[in-house]
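Asker: Protein chains in written order, with the numbering used here: chain A, 120 to 557; chain B, -2 to 118.
Be careful, since some hints might not be right.
[Unchecked claim] Here are some of the chain B residues that sit facing chain A, going by a computed Cβ distance under 10 angstroms:
1. Phe57
2. Gln58
3. Cys59
4. His60
5. Gly61
6. Asn67
7. Glu68
8. Leu69
9. Glu78
10. Ala88
11. Ile95
12. Glu107
13. Ile108
Rather than coming from a laboratory, the hints here were simulated on the basis of the structure. Heads up, the beta-carbon is just placed ideally off N, CA and C, and yes, glycines get one too.
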Amino acid sequence: MKRRNFLRNTGATAISLAFLKSAFAKEFGPQAAGLLDYDQMIGDATGKVVVVGGGMAGTTIAKYLRLWGGTGLQVTLVEPNATYYSNIFSNMVLTGERTLSQLSYNYQTLISKYGVKVENFSVTAIIPSSKKVRLSNGTVLYYDRLVLAPGIDFEALPMTGTTANKNKIVHAWKAGSQTTSLQNQINSMTNKDTFILTIPPKPYRCPPGPYERACVVADYLKRVKGGGRVVVLDANNGIQAELENFTRAFNITHQGIITYVPNAIISSIDANTKTVVTNAGTFSGKVLNAIPTHKAGKLITNSGIGLANAGNGKWAGVNVLTYESTAVPFIHIIGDASATTQPKAGHIANAEAKVCADAIVHLLKGEAVNQKPVTNSSCFTPITKTTASWLSVVYKYDPVSKTMVPTGNGVTESNGASSENFEDMEKWFTNLMSDTFK
Amino acid sequence: MYYNKKWPYVGLALALPLLFACQKDFAETESLQEKTELNNTRMLAVTADLPGRTLAANCFQCHGTNGYANELKIAGISASEMARKFTEMKADGPRENIMNLHAAAYTPEEIQLIGDYFSKQ
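Please build the complete structure, drawing on both the sequences and the hints.
Answerer: Printed below as a string of structure tokens:
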């Protein structure tokens, strides 16, 4: 601290910068010296941003606020868990092709490389009038801009049964202990058994994800158990993503294993007998994987400050130029918890985070924000142990509807599943996770 | 001259932590903070606010931050080469390769900005 005060008082900064710039110019030319321009190098955005939630959206924005905003921008990430388990690829944990530890990420690079401060606590209160949040350890953090990225939460299932039996009915839609539980249950199946997967009404996280799960579980049962059945009970009126690819996968690739039932709205579940009653019939199985109806994370729905102002009070309305709440100023909501025309998924959460980071940097500089944001959603989905398909779309801002609209060819699925796509999928995953966590 | 070609790097390493030391204190741990600031300057030197940055950021997910993925690296590709690749990809069916779909979504002006960005990485 003593040295810092000394430098501040003597103005040594200016001297050393000028010296450095002239030396750099002499060695590498004036263009290279331009890289050392003081404002450009450290950014002139100053302020405090608190980011809550260390998933794909929250981690990306914490990194990019520092990368694009510079060191004058103080970024604190509030996330109670020290480890993040990737939802992407977690269906392959169910079939033993990946382990949870291979899908684990932490925040050390955010701290050491980007200078983000990480608080391993949860937020207990948001107080917009004084622009502060309170943490579970009593700490109070003040913000100029608050970014909330709490992801999803679930509605309760209409379920009866003993507590022990209820605990066996998992969603495994947030990677972690439930993933391990479901993996063990699937592992205990024989070729005479049935796996029941229930899909909630849209919007839910990762539109192709449930259909992917049906495929990889069917592939596993066929390969490892020599058969079995997968019954997909979809609350929606049809397949929600990659209609052509999943129709082919269900009817041809996994023929005789997968039964797809649309319009299956659940009225009750008996956890003791693993029986699901729907308006499309009653179904029982050895393993029941029920994914409940989604809503935004509790930080949004229980905030008490009106953030859940969209989608029947379940999601946060935002301005997609900035992701600022349409209810409360200076609070931004990114990722699955926000209500936009974009899907709820990790890849696009990363893209939304970058748009929001760029907007916050401009706002803190007192500048106009980008009026032409572009995002993209891309998702590779394994269909078997060695083949994959993909779904992708590029979104651009439409100033008339004030929404992000599909552009180019629109929402597009791959021409079938292939081993080439499977190889691309592994590169996609590695690089997406690095762009987010490294 | 008594110094060798490496001396500006030494100067950089010495001077930059001092530069940032004058910024308002932030991290609790001073040694970690100094290490962080040095790393930050390396990143920030290549992430200047070029006009194509927000467009190019849509490439980072698969091609790495600023295009520096181990596999699928695109950092340093010239703008003309980038434009040529986009033209090729646009000509192929969007369902045959995910990049064809992405290429078709960008205007020539946007492709120029993206090319400029990665050529300067």
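Asker: Each hint needs a verdict: does it hold in this structure or not?
Answerer: How the hints compare with the structure:
1. Phe57: This hint holds: Phe57(B) lies near chain A, its Cβ roughly 5 angstroms from the closest one there, short of 10 angstroms.
2. Gln58: holds (5 angstroms)
3. Cys59: holds (5 angstroms)
4. His60: With a minimum Cβ separation of about 7 angstroms from chain A (threshold 10 angstroms), the hint on His60(B) holds.
5. Gly61: Gly61(B) check passes; min Cβ-Cβ to chain A is 6 angstroms, inside 10 angstroms.
6. Asn67: Status holds, d = 8 angstroms.
7. Glu68: With a closest approach of 5 angstroms, the Glu68(B) hint holds.
8. Leu69: Since chain A brings a Cβ to about 6 angstroms from Leu69(B), closer than 10 angstroms, the hint holds.
9. Glu78: Status violated, d = 20 angstroms.
10. Ala88: Interface hint status for Ala88(B): violated (13 angstroms vs cutoff 10 angstroms).
11. Ile95: holds (5 angstroms)
12. Glu107: holds (8 angstroms)
13. Ile108: violated (12 angstroms)
Taken one by one, the earlier hints fail for this structure at numbers 9, 10, 13, listed in ascending order.
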